Amino acid sequence: MLFQGLVGLSEAMYLWLVAAGLSLIFGVMRVLNFAHGSLYMLGAYFAWVAFRVSGSFWVALLVGPLVVAAVGWAMEFGFLRRVYSAPEAFQLLLTFAFVLILDDAVKLVFGPVYQSPPTPAALSGAVLIGHSVLPTYHLFILGVGALVGLGLWVFLEKTSFGLVIRATAADREMARALGVRASRLFTWVFILGAWLAGLGGALSMPVRAISPGMGELIIIEAFVVVVLGGLGSLRGAFVGSLLIGLLHAYGLLFMPVFELALGYMAMALVLIVRPWGLFGIREG
Amino acid sequence: MAPRRGTTRRRFLKSTGLALAGLGLPRAIGAATADLKLKKPIKIGCQTILSGPLGGYGEFMRKGATLAMEEINAQGGIGGSPIEISFRDEELKVDVGVKNARYFVEDWGADFLIGIDSSAVALAVGEIMPSLNRILIVTHGATEKYNEDLVFKRHVRQCFRVCVPVYQDGIASALVAKDLPVKRWATISPDYEYGHTSWRMFRAYLKRFKPDVEFVGESFAKFGTVDFSSHISKVMGLSPEGIFSTEWGGEAVTMVKQAKLFKVFEQTKAFMIGMGAAMDVLQGLGADYPDGVWASGRYYFGYPDSAENKRFNEAFRKRWDTYPSYPSETAYTAVQALKKAVEKARSVETEKVIEALEGLELDRPAGKCVIRKEDHQAVYAVPWGQIRHDPKFPMPTLTNLKVFTTDEYYRKPPFAPVEG
Numbered sequence: 009m010l011f012q013g014l015v016g017l018s019e020a021m022y023l024w025l026v027a028a029g030l031s032l033i034f035g036v037m038r039v040l041n042f043a044h045g046s047l048y049m050l051g052a053y054f055a056w057v058a059f060r061v062s063g064s065f066w067v068a069l070l071v072g073p074l075v076v077a078a079v080g081w082a083m084e085f086g087f088l089r090r091v092y093s094a095p096e097a098f099q100l101l102l103t104f105a106f107v108l109i110l111d112d113a114v115k116l117v118f119g120p121v122y123q124s125p126p127t128p129a130a131l132s133g134a135v136l137i138g139h140s141v142l143p144t145y146h147l148f149i150l151g152v153g154a155l156v157g158l159g160l161w162v163f164l165e166k167t168s169f170g171l172v173i174r175a176t177a178a179d180r181e182m183a184r185a186l187g188v189r190a191s192r193l194f195t196w197v198f199i200l201g202a203w204l205a206g207l208g209g210a211l212s213m214p215v216r217a218i219s220p221g222m223g224e225l226i227i228i229e230a231f232v233v234v235v236l237g238g239l240g241s242l243r244g245a246f247v248g249s250l251l252i253g254l255l256h257a258y259g260l261l262f263m264p265v266f267e268l269a270l271g272y273m274a275m276a277l278v279l280i281v282r283p284w285g286l287f288g289i290r291e292g
Numbered sequence: 015m016a017p018r019r020g021t022t023r024r025r026f027l028k029s030t031g032l033a034l035a036g037l038g039l040p041r042a043i044g045a046a047t048a049d050l051k052l053k054k055p056i057k058i059g060c061q062t063i064l065s066g067p068l069g070g071y072g073e074f075m076r077k078g079a080t081l082a083m084e085e086i087n088a089q090g091g092i093g094g095s096p097i098e099i100s101f102r103d104e105e106l107k108v109d110v111g112v113k114n115a116r117y118f119v120e121d122w123g124a125d126f127l128i129g130i131d132s133s134a135v136a137l138a139v140g141e142i143m144p145s146l147n148r149i150l151i152v153t154h155g156a157t158e159k160y161n162e163d164l165v166f167k168r169h170v171r172q173c174f175r176v177c178v179p180v181y182q183d184g185i186a187s188a189l190v191a192k193d194l195p196v197k198r199w200a201t202i203s204p205d206y207e208y209g210h211t212s213w214r215m216f217r218a219y220l221k222r223f224k225p226d227v228e229f230v231g232e233s234f235a236k237f238g239t240v241d242f243s244s245h246i247s248k249v250m251g252l253s254p255e256g257i258f259s260t261e262w263g264g265e266a267v268t269m270v271k272q273a274k275l276f277k278v279f280e281q282t283k284a285f286m287i288g289m290g291a292a293m294d295v296l297q298g299l300g301a302d303y304p305d306g307v308w309a310s311g312r313y314y315f316g317y318p319d320s321a322e323n324k325r326f327n328e329a330f331r332k333r334w335d336t337y338p339s340y341p342s343e344t345a346y347t348a349v350q351a352l353k354k355a356v357e358k359a360r361s362v363e364t365e366k367v368i369e370a371l372e373g374l375e376l377d378r379p380a381g382k383c384v385i386r387k388e389d390h391q392a393v394y395a396v397p398w399g400q401i402r403h404d405p406k407f408p409m410p411t412l413t414n415l416k417v418f419t420t421d422e423y424y425r426k427p428p429f430a431p432v433e434g
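Chains as they are written, first to last, in our numbering: chain Y, 9 to 292; chain C, 15 to 434.
These aren't lab readings, by the way, just hints derived from the structure by calculation. Every value quoted in this text rests on a predicted model; they were computed, and no experiment measured them. The beta carbon of each residue, even a glycine, is placed where N, CA and C say it ideally should be. Warning: the hint list may mix true and false statements.
[Said to hold, decoys possible] Keeping only pairs whose Cα atoms sit at most 30 angstroms apart, straight-line, the calculated DSSO-like set for lysine-lysine is: (1) C:Lys192 - C:Lys236; (2) C:Lys107 - C:Lys77; (3) C:Lys221 - C:Lys159; (4) C:Lys416 - C:Lys224; (5) C:Lys159 - C:Lys382; (6) C:Lys406 - C:Lys113; (7) C:Lys416 - C:Lys221; (8) Y:Lys115 - C:Lys406; (9) C:Lys332 - Y:Lys115; (10) C:Lys366 - C:Lys426; (11) Y:Lys115 - C:Lys77; (12) C:Lys167 - C:Lys353; (13) C:Lys167 - C:Lys382; (14) C:Lys387 - Y:Lys115; (15) Y:Lys115 - C:Lys113; (16) C:Lys77 - C:Lys283; (17) C:Lys277 - C:Lys358; (18) Y:Lys115 - C:Lys107.
[As the list claims (entries may be wrong)] Computed beta-carbon distance windows for the label pairs: (19) C:Asp49 - Y:Gly119: 36 to 42 angstroms; (20) C:Asp121 - Y:Ala113: 26 to 32 angstroms; (21) C:Arg333 - Y:Pro283: 54 to 60 angstroms.
Given these sequences and hints, build the entire structure.
And the structure:
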């Protein structure tokens, strides 16, 4: 029973990493990045390449997300910053175009076959909890997710750069009037968001099949999480991910017929009762 | 994304196609000649999944159909007419599948339709074939409702299928399972037609073969599941001795990898994956595929040991630099079957080719097979086997092959209901 919840939480950690970047980018830049799932996919592919070259999972985990961060920089610097003043529909179209381009690019380079590097030996063990077996890798994922959450909290609450990010998210005009260089800030936020998605992808590399289109499978859930938690709220993204993970795991156990709908029902409920999300800021 | 043609070229091809069809009407009289004066080219519309995480399947289907086309065209085409095949992405969605079929016939001018991966799409497209007045040869969607209900009970004569139905996943599997030391079975399977119907069949037939088995639990995973952890922990909480699964493609790869992390293979005595011997799963899991897993497909490249299979494997590897997966063989066979039937009928007219296809015997890579007249189902046997790692091959292969006769595991007209 409790064990099922623990497994659900471990699944939620991938979602958290993707949703965190998605929410951060929206909070600061007001851009809904459809291509965020594709960055997750790239994280898996780049990590896989790094793994093939180096033979080390740890090197792959370090290099993969960094390369994704570089791609994020290119996306923001080369394209997104040109449409900040355009209507939101243009930004959505641009990021959606990236989904199609990146999917096909990956298919061209790597082919449509599934790639699945082996799980690192150090993490392929398992621990016994009661009568149930929990893979070491799932414990590792729980740890990484928590660590990233803590890291982001410290970064945003305790550093001056974090303060600038929060200030810009709260009131862009005022921050600019006070001398914050928004364009440079946006670039850095996008890079951070891309890195988070890439980290999620790199972590999924040894335990999930890697294929073109894998980003689309996670982006919808990530949007649900962000809406649930409140657009732009990292705390909301964290709680939202855990909620979706638990609903999924316990839904399977107790009402498998409705399991698919549970996450969306939760989102609908939140939208009715608190349209700005669980931890979002009420606007207007 | 599905390939699209420029409108002008499409219109041009369509009008020339029509013109040629008109010219082809007066048929050759007397002895069979190489040129049947049919319309040129003969157009085949193939739809399969070409995008997303299951897109690997469509790639294999495309390769098989293309190889058949190239071989046939190199030898002068079908009765002197070259074949042209167009591919579209089915996306495993019913509305997309129906739209593709209409596009192929009404806009592109297809003479025949082949392909389709999803059972639900096969049923939906099958429904509209009489109104489109074209033949559809399904090469992957496996629900028994297609041949048993649509063709046999409701006489939708335009529908054919050249891949083995869920009898492979649900009945041949039970013939394997009855001899395994497992009494408590559970499943992790896809939450749609194919997954449910296979599990229902497996339970009904295994209960018949071995009355003391128990079915202790099930977890059905939606299409597009990226993580199977909660499914695995749910099912393992019921302490099964054997796991039966019909997950396929990338989802089968993910499920097996994660089951390995959860030490499922140490805690159970048997693990069966109906489509686990598909080439994309064999290649995708590679060294990670645990030895001893029971797996099958709708064709396995290593069976049978026949001249035709050997030739097909060599030609396929030469052309594509990979071993063929089962959709490659079934799509290849669909095109070859059309050639044989059209030459027999000396026509591309739907009604005449239907008659030619009924009872047609084929020497296909998967073995000798006959297209059953009553339900338009190709009847041939595919083995189950156990995964092993043979250094002679770049991917895992099957050992300990269990081959059953089609008589043992193909359901027969009038198709008594599957109880349970």
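Structure-based check of all given hints:
1. Simply put, lysine 192 of chain C and lysine 236 of chain C have alpha-carbon atoms about 29 angstroms apart, close enough for the 30 angstroms limit, and the pair holds.
2. The hinted pair formed by lysine 107 of chain C and lysine 77 of chain C meets the criterion: a straight-line CA distance of about 22 angstroms does not exceed 30 angstroms.
3. With a C-alpha separation of about 22 angstroms, the suggested pair lysine 221 of chain C and lysine 159 of chain C falls inside the 30 angstroms cut-off, and the hint holds.
4. About 18 angstroms separates the Cα atoms of lysine 416 of chain C and lysine 224 of chain C, which keeps this hinted pair within 30 angstroms; it holds.
5. A C-alpha spacing of about 24 angstroms is found between lysine 159 of chain C and lysine 382 of chain C, which places the hinted pair at or below 30 angstroms, so the restraint holds.
6. Straight-line distance between C-alpha atoms of lysine 406 of chain C and lysine 113 of chain C comes to about 44 angstroms, which puts the hinted pair past the 30 angstroms bound.
7. With a C-alpha separation of about 20 angstroms, the suggested pair lysine 416 of chain C and lysine 221 of chain C falls inside the 30 angstroms cut-off, and the hint holds.
8. Taking the CA atoms of lysine 115 of chain Y and lysine 406 of chain C, the gap is near 28 angstroms; set against the 30 angstroms cutoff, the hint holds.
9. Taking the CA atoms of lysine 332 of chain C and lysine 115 of chain Y, the gap is near 22 angstroms; set against the 30 angstroms cutoff, the hint holds.
10. Between lysine 366 of chain C and lysine 426 of chain C the alpha-carbon distance is near 25 angstroms, which keeps this suggested pair within the 30 angstroms criterion.
11. Taking the CA atoms of lysine 115 of chain Y and lysine 77 of chain C, the gap is near 16 angstroms; set against the 30 angstroms cutoff, the hint holds.
12. Pair hint lysine 167 of chain C plus lysine 353 of chain C holds up; C-alpha atoms about 28 angstroms apart against a cutoff of 30 angstroms.
13. With a C-alpha separation of about 26 angstroms, the suggested pair lysine 167 of chain C and lysine 382 of chain C falls inside the 30 angstroms cut-off, and the hint holds.
14. Simply put, lysine 387 of chain C and lysine 115 of chain Y have alpha-carbon atoms about 41 angstroms apart, too far for the 30 angstroms limit, and the pair is violated.
15. Between lysine 115 of chain Y and lysine 113 of chain C the alpha-carbon distance is near 25 angstroms, which keeps this suggested pair within the 30 angstroms criterion.
16. Pair hint lysine 77 of chain C plus lysine 283 of chain C does not hold up; C-alpha atoms about 37 angstroms apart against a cutoff of 30 angstroms.
17. For the hint pairing lysine 277 of chain C with lysine 358 of chain C, the CA-to-CA distance comes to about 55 angstroms; that exceeds 30 angstroms, so the pair is violated.
18. For the hint pairing lysine 115 of chain Y with lysine 107 of chain C, the CA-to-CA distance comes to about 21 angstroms; that is within 30 angstroms, so the pair holds.
19. Hint check: aspartate 49 of chain C to glycine 119 of chain Y, Cβ distance near 40 angstroms, so the stated range 36 to 42 angstroms holds.
20. Look at aspartate 121 of chain C against alanine 113 of chain Y: about 30 angstroms separates their beta carbons, and that is inside 26 to 32 angstroms.
21. Distance hint check for arginine 333 of chain C and proline 283 of chain Y: the Cβ-Cβ separation is about 57 angstroms, which falls inside the suggested range of 54 to 60 angstroms.
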